[in-house]
Amino acid sequence: MFYVRTSKGQRCALLNSENWKLRRDRLIGYCNNGGRGCTILANYLKKVAKK
Numbered sequence: 033m034f035y036v037r038t039s040k041g042q043r044c045a046l047l048n049s050e051n052w053k054l055r056r057d058r059l060i061g062y063c064n065n066g067g068r069g070c071t072i073l074a075n076y077l078k079k080v081a082k083k
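Using the numbering used here, the letters of the sequence shown correspond one by one to residues 33 to 83.
It is possible that part of the hints are untrue.
In silico DSS-like cross-links for lysine-lysine, where the CA-CA straight-line distance does not exceed 30 Å [what the hints assert, rightly or not]:
id, residue 1, residue 2
1, Lys53, Lys78
2, Lys53, Lys79
3, Lys53, Lys40
4, Lys78, Lys40
5, Lys79, Lys40
No wet-lab data here; the hints were simulated from the structure.
Generate the whole structure from the sequences, applying the supplied hints.
Now the structure itself:
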């Protein structure tokens, strides 16, 4: 859902391309696992729930 195809390849939609390049190796497992355990996704969902 948040792992999207862009003109520069697939990346997390919650990060800009520079942050994705730096953090990809640590985060790709969460992306491939549907986001389960991803702290970035968890923080995003908390913020959305507060609105």
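Verification of the hints:
A hinted pair counts as satisfied when its Cα atoms are at most 30 Å apart, and Lys53 with Lys78 qualifies at roughly 24 Å. In summary, the hint linking Lys53 to Lys79 is supported, as the alpha carbons are separated by about 24 Å, within the 30 Å threshold. Note on Lys53 and Lys40: the hinted pairing holds, with a Cα-Cα distance of about 11 Å set against a maximum of 30 Å. With a C-alpha separation of about 29 Å, the suggested pair Lys78 and Lys40 falls inside the 30 Å cut-off, and the hint holds.
Distance check on the hinted pair: Lys79 and Lys40 sit about 28 Å apart at the alpha-carbon level, within 30 Å; holds.
Checked against the numbered hints given earlier, the structure satisfies every one of them.
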